[in-house]
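Residue numbers (this note's numbering), protein chains in the order written: chain A, 1345 to 1618; chain B, 22 to 314; chain C, 99 to 383.
Derived by calculation from the structure, the hints in this document are not laboratory data.
Check the hints yourself; a few may be wrong.
[What the hints assert, rightly or not] List of simulated lysine to any residue pairs, SDA-like, C-alpha gap at most 25 Å:
| id | chain 1 | residue 1 | chain 2 | residue 2 |
| --- | --- | --- | --- | --- |
| 1 | C | LYS212 | A | MET1345 |
| 2 | C | LYS206 | A | PHE1450 |
| 3 | C | LYS212 | A | LYS1527 |
| 4 | C | LYS212 | C | ALA320 |
| 5 | A | LYS1527 | C | SER277 |
| 6 | C | LYS212 | C | GLY184 |
| 7 | C | LYS247 | C | ASN204 |
| 8 | A | LYS1444 | C | ASN204 |
| 9 | A | LYS1527 | B | LYS135 |
| 10 | A | LYS1527 | A | LEU1418 |
| 11 | B | LYS57 | A | GLU1610 |
| 12 | C | LYS253 | C | ALA203 |
| 13 | C | LYS130 | A | GLU1610 |
| 14 | A | LYS1346 | C | LYS212 |
| 15 | C | LYS130 | A | MET1345 |
| 16 | A | LYS1346 | C | ARG152 |
| 17 | C | LYS195 | C | ARG246 |
| 18 | B | LYS135 | B | GLN255 |
| 19 | A | LYS1444 | C | LEU230 |
| 20 | A | LYS1444 | A | VAL1382 |
| 21 | A | LYS1346 | C | ILE287 |
| 22 | C | LYS378 | C | LEU230 |
| 23 | A | LYS1444 | C | ILE363 |
| 24 | C | LYS130 | A | LEU1616 |
| 25 | C | LYS130 | A | ASP1359 |
| 26 | B | LYS57 | B | ALA148 |
| 27 | A | LYS1527 | C | LYS205 |
| 28 | C | LYS253 | C | ALA202 |
| 29 | A | LYS1444 | C | LYS253 |
| 30 | C | LYS212 | C | ILE268 |
| 31 | B | LYS57 | A | GLY1539 |
| 32 | C | LYS206 | A | GLU1610 |
| 33 | A | LYS1444 | C | SER277 |
| 34 | A | LYS1527 | B | VAL45 |
[Stated by the list, open to error] Cβ-to-Cβ under 10 Å is the rule here; a few derived chain B residues that face chain A:
| id | residue |
| --- | --- |
| 35 | PHE110 |
| 36 | LEU220 |
| 37 | PHE226 |
[Unchecked claim] Which residues of chain B face chain A? A few of them, derived with a C-beta cut under 10 Å, are:
| id | residue |
| --- | --- |
| 38 | LEU61 |
| 39 | LEU133 |
| 40 | LYS135 |
Every value quoted in this text rests on a predicted model; they were computed, and no experiment measured them.
The beta carbon of each residue, even a glycine, is placed where N, CA and C say it ideally should be.
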Amino acid sequence: MKPPPLVQSSVRIFDLSLGQMLWSRRSVFLGVLLGGPVLLALALRIVSTLYEAGFRINGVRAAGASIFGMMIWLLYLRFIVPILGVFYGTALIADEVDDKTITYLFTRPIPRRAVLFGKFLAYLACTVLLVLPSVMLVFFLVVPTGGGSIGAAFPSLVGDFGMLIVGLAAYGAVFAFVGTGVKRPLIVGLVFSFGWEPTVLLLPGYLKRLTVAYYLQALVKHEMPQDSAVSVLMQVFREVPSVAASLVCLAAIVAGTLWLSGRAVENREYVLEQ
Amino acid sequence: MPIHDQGYRRYGGDKAPRGQAWMVIARNGIRHMLGKRAFLGLLLLSWFPFFVRAVQIYAAANLPQAAFLAPTPETFRQFLDQQQIFVFFVTVYVGAGLIANDRRANALQIYLSKPLTRSEYVFGKLAILMTFLLIVTWLPAIVLLIVQLAFAGNFTFLRNNIFLFPAITVFAFIQVTLVATAMLALSSLSNSSRYVGILYSAVIFFTQAIYGVLFAVTRSTSFSWISFPANLAQIGDVIFRLPPASSPRRASSSSGASAAWRSSRDDERGRSGDRNRRRRSSLKVVRPGHRVE
Amino acid sequence: MSVSVPPGITGLLGPNGAGKSTFMKVITGQLKPSKGTITVLGEPIWNNPSLYFRIGFCPEQDSFYERMTGLEWVTALVRLNGLSDGDATEMAHRALKAVELTDAANKKIGAYSKGMRQRVKMAQALAHDPHLLILDEPLSGMDPIARRKTIRMVKDWARAGKSIIVSSHILHEIESMTSNILLINQGRILAEGNVHQIRDLIDEHPHTVYIRAEQTRALARAFLAQDDVLSLRFEDEAVVVQTGRPDAFYARLTDLAASGELGAIHEVTSPDDNLQAVFKYLVKS
Chain A
1345 MKPPPLVQSS VRIFDLSLGQ MLWSRRSVFL GVLLGGPVLL ALALRIVSTL YEAGFRINGV
1405 RAAGASIFGM MIWLLYLRFI VPILGVFYGT ALIADEVDDK TITYLFTRPI PRRAVLFGKF
1465 LAYLACTVLL VLPSVMLVFF LVVPTGGGSI GAAFPSLVGD FGMLIVGLAA YGAVFAFVGT
1525 GVKRPLIVGL VFSFGWEPTV LLLPGYLKRL TVAYYLQALV KHEMPQDSAV SVLMQVFREV
1585 PSVAASLVCL AAIVAGTLWL SGRAVENREY VLEQ
Chain B
22 MPIHDQGYRR YGGDKAPRGQ AWMVIARNGI RHMLGKRAFL GLLLLSWFPF FVRAVQIYAA
82 ANLPQAAFLA PTPETFRQFL DQQQIFVFFV TVYVGAGLIA NDRRANALQI YLSKPLTRSE
142 YVFGKLAILM TFLLIVTWLP AIVLLIVQLA FAGNFTFLRN NIFLFPAITV FAFIQVTLVA
202 TAMLALSSLS NSSRYVGILY SAVIFFTQAI YGVLFAVTRS TSFSWISFPA NLAQIGDVIF
262 RLPPASSPRR ASSSSGASAA WRSSRDDERG RSGDRNRRRR SSLKVVRPGH RVE
Chain C
99 MSVSVPPGIT GLLGPNGAGK STFMKVITGQ LKPSKGTITV LGEPIWNNPS LYFRIGFCPE
159 QDSFYERMTG LEWVTALVRL NGLSDGDATE MAHRALKAVE LTDAANKKIG AYSKGMRQRV
219 KMAQALAHDP HLLILDEPLS GMDPIARRKT IRMVKDWARA GKSIIVSSHI LHEIESMTSN
279 ILLINQGRIL AEGNVHQIRD LIDEHPHTVY IRAEQTRALA RAFLAQDDVL SLRFEDEAVV
339 VQTGRPDAFY ARLTDLAASG ELGAIHEVTS PDDNLQAVFK YLVKS
């Protein structure tokens, strides 16, 4: 008898894992974390409503869309998406090994990499279900401030959704690979997201192409707030690839790292803690 | 008697006085961490900025052309700032599993069935993390001060900046105590050290990100209480008698952005003691990819 | 190890740390052998998922997706065999019925007792009707009644044509299931086959025979006249003999009992013709 095809096996693992992931304590915590930007947006909205002058930057009233864009960049793209990628991605297989339930999955007539792919799909679905409502709420709270129009800004919201999903997929795949090969994937993940990426993005040259953020920032359509020294420095060194090139590269990153992770899972022995 | 009893015998020697059991936990924990090569590598790496600064101090003391590199009290403040990244990683590496691993292995029942109070247990665990954090913050800063004395060959700098020794000690201890107690509290909430590490990272980075947004919108540091690192930074500035920073520091300060920002702050502070009043805060809105002319 | 496991129930025995679980993990494809090859049902097991259609594994560890019900969990695992939802649910029901968990099928596994947890583990192993069942310490943590039920179930599965490898370090459990054993210690095979045959083959180790009789001293005199009796001692109304040639000894004893010339013989047993004695002897040697 032949094992079920890879796609079918992955979908079945996805079915099995989604419920586990979505209703775990970890997801509840992350849901609370994602409430932070919503609370912030609510606070900004209240302040904007109470003070007719609104937020003024350099004497000019700040539009809600720019504040929303800044929140997307600073909160979601530079922090929440990488953190979700590190948190879930490094633990796709490791959690099953720690819980000692991996045995049940690896003694089924499915390729081992189907377990990884299925769990990756579950991670993506779970994080999208957590992040997108938060983004939407922030959008509806913040954009109308400063005379902004929800209708006019709505297309950019759709673009932001797409960008965040692509970001979640890219970071999740990269950290899934880290999780299959490295002993302390959490540390490596944090070093990569909050050490390597911010540093290398500032430097001229080709090093920045070894980050996910370099390609993601090309997908950001919002106007970025710029402060004096740091942002000028960042802008001077920033080279941004085209949207098409970025999407292709991100797709290649996802495909490549997932393939490598699948190979690692197939060849590795998982010794359970006694 | 010629043939001795090999069976169980009661211990008849001296026993340590009560209240010292925490030292056993601390000693074992420290020994356990020092047995890990990767961790030793991290500790070694954390002293790299010290060596860079030592070279700077040597050059300033011995080369007239390098006189501009002469250390000031801000040098030591910046050094402690630079060590933040290592504080973060040591805290996650050492601290995440301190209580979480014991919970996971059901070892708490065993610990607390010994003549060991809960306070001793917690204090012992705290001591492990605080020891390594002090090795990464207080110790190199104090050694740097001694190195400055040694290379300068006189006590002039120390006499003019006598507050530096207590400032370094107080700030390092405040920082280490806050960070260690926060991590220990988080570690006690879970039996997964990975989860605790993420929780701690979220507290640090998320609060910093929220503060960053509020600062960008309001241009005011009055919301710095939201951010753990910003709070510490404010305390540090006060202890070192420096004007408070006018923009949010990033928690992971190894980046060039942080260095550029600090050098711009140095320029500002170097020219005047009260730069902030005269600085205009300006905000330009630029699309990504567009150069600023 | 170089071993060939026959159909029926094979007991995998060994003290703690002998390598039983490691052996189980190797034959279920979770660990690779460092040297040599391993084939299960004629095919290499490592990275060969199609073999798992014919293998069911019940691992030792007590780990589950605690939030799922027994039925949901077994169904989800059976679905991985490529079955439709309906078929998978039906097979799960059948498996849970076989392990007498029908009433608790819709309870969360987190609320199960230890015995129920062991049984639901076995349910997931046999739900897809495998040819070979591998059970790692299946009776661990069970109460005596649950143990008896499980032993009966295992024997029923063997009678139904399945090949079963059961590992345990508790000898009487294995003895009650099968006489076909694989005895390992420190990662090596000490013995394999029928426990009685193994016993007979241990020539250097004398057989002990316990005889309770009317005239124990007269019997002892008769035994001592033969050169195959190595030693002899008296216990309450019995004589315990050690012989190097049990067949010849039993033949003579039968004749003595039949003739009645040395009084009635009430009981004849061999305290070491059992698994424990074999185990003790081989493991210690």
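Status of each hint after checking the structure:
With a CA separation close to 35 Å, the supplied pair LYS212(C) and MET1345(A) exceeds the 25 Å bound. About 23 Å separates the Cα atoms of LYS206(C) and PHE1450(A), which keeps this hinted pair within 25 Å; it holds. Annotation: proposed proximity of LYS212(C) to LYS1527(A) is violated, straight-line Cα distance about 33 Å (limit 25 Å). The straight-line distance between the Cα atoms of LYS212(C) and ALA320(C) is roughly 55 Å, outside the 25 Å bound, and the hint therefore fails.
Proximity of LYS1527(A) to SER277(C) is assessed by CA-CA distance (about 45 Å); at most 25 Å being required, the pair is judged violated. The straight-line distance between the Cα atoms of LYS212(C) and GLY184(C) is roughly 29 Å, outside the 25 Å bound, and the hint therefore fails. Pair hint LYS247(C) plus ASN204(C) holds up; C-alpha atoms about 22 Å apart against a cutoff of 25 Å. Restraint check: the Cα-Cα separation between LYS1444(A) and ASN204(C) comes to about 23 Å, which is no more than 25 Å; the hinted pair holds.
Proposed proximity of LYS1527(A) and LYS135(B) is contradicted: the alpha carbons are some 33 Å apart, above 25 Å. Restraint check: the Cα-Cα separation between LYS1527(A) and LEU1418(A) comes to about 30 Å, which exceeds 25 Å; the hinted pair is violated. Pair hint LYS57(B) plus GLU1610(A) does not hold up; C-alpha atoms about 29 Å apart against a cutoff of 25 Å. For a cut-off of 25 Å, the pair hint linking LYS253(C) to ALA203(C) stands: about 23 Å separates their Cα positions.
Between LYS130(C) and GLU1610(A) the CA atoms are separated by roughly 12 Å; this keeps the pair inside 25 Å, and the hint holds. Between the alpha carbons of LYS1346(A) and LYS212(C) the distance comes to roughly 35 Å, so the proposed pair goes past 25 Å and is violated. The hinted pair formed by LYS130(C) and MET1345(A) meets the criterion: a straight-line CA distance of about 23 Å does not exceed 25 Å. Taking the CA atoms of LYS1346(A) and ARG152(C), the gap is about 12 Å. The hint holds against a cut of 25 Å.
Taken as a hint, the LYS195(C) and ARG246(C) pair is honoured in the structure, with Cα atoms around 17 Å apart against an allowance of 25 Å. Pair hint LYS135(B) plus GLN255(B) does not hold up; C-alpha atoms about 43 Å apart against a cutoff of 25 Å. Straight-line distance between C-alpha atoms of LYS1444(A) and LEU230(C) comes to about 22 Å, which keeps the hinted pair within the 25 Å bound. At roughly 37 Å between alpha-carbon atoms, LYS1444(A) and VAL1382(A) are farther apart than 25 Å, so this suggested pair is violated.
Distance check on the hinted pair: LYS1346(A) and ILE287(C) sit about 34 Å apart at the alpha-carbon level, beyond 25 Å; violated. In summary, the hint linking LYS378(C) to LEU230(C) is not supported, as the alpha carbons are separated by about 29 Å, beyond the 25 Å threshold. With a C-alpha separation of about 57 Å, the suggested pairing of LYS1444(A) with ILE363(C) is violated against the 25 Å cut-off. For a cut-off of 25 Å, the pair hint linking LYS130(C) to LEU1616(A) stands: about 14 Å separates their Cα positions.
With a CA separation close to 29 Å, the supplied pair LYS130(C) and ASP1359(A) exceeds the 25 Å bound. Proposed proximity of LYS57(B) and ALA148(B) is supported: the alpha carbons are some 18 Å apart, at most 25 Å. With a C-alpha separation of about 37 Å, the suggested pairing of LYS1527(A) with LYS205(C) is violated against the 25 Å cut-off. Proposed proximity of LYS253(C) and ALA202(C) is supported: the alpha carbons are some 23 Å apart, at most 25 Å.
In summary, the hint linking LYS1444(A) to LYS253(C) is not supported, as the alpha carbons are separated by about 28 Å, beyond the 25 Å threshold. Using a Cα cut-off of 25 Å, the hinted pair LYS212(C) and ILE268(C) holds, with the two alpha carbons roughly 18 Å apart. Distance restraint check for LYS57(B) and GLY1539(A): the Cα-Cα separation of roughly 23 Å lies within the 25 Å cut-off, and the hinted pair is therefore satisfied. For the hint pairing LYS206(C) with GLU1610(A), the CA-to-CA distance comes to about 32 Å; that exceeds 25 Å, so the pair is violated.
Taking the CA atoms of LYS1444(A) and SER277(C), the gap is near 32 Å; set against the 25 Å cutoff, the hint is violated. With a C-alpha separation of about 28 Å, the suggested pairing of LYS1527(A) with VAL45(B) is violated against the 25 Å cut-off. Taking 10 Å as the C-beta contact cut-off toward chain A, the hint placing PHE110(B) at the interface holds, the least distance being around 7 Å. Look at LEU220(B): its Cβ gets to within about 7 Å of chain A, closer than 10 Å, so that hint holds up.
Of the supplied interface hints, the one on PHE226(B) holds, with its beta-carbon coming within about 5 Å of a beta-carbon of chain A, less than 10 Å. Hint on LEU61(B) is violated. Least Cβ distance to chain A is approximately 14 Å, over the 10 Å limit. Taken as an interface hint, LEU133(B) does not check out: its beta carbon lies about 23 Å from the nearest beta carbon of chain A, beyond 10 Å. Nearest Cβ of chain A to the Cβ of LYS135(B): about 24 Å, over the 10 Å cut. The hint is violated.
When held up to the earlier numbered hints, the structure conflicts with 1, 3, 4, 5, 6, 9, 10, 11, 14, 18, 20, 21, 22, 23, 25, 27, 29, 32, 33, 34, 38, 39 and 40 and fits the remainder.
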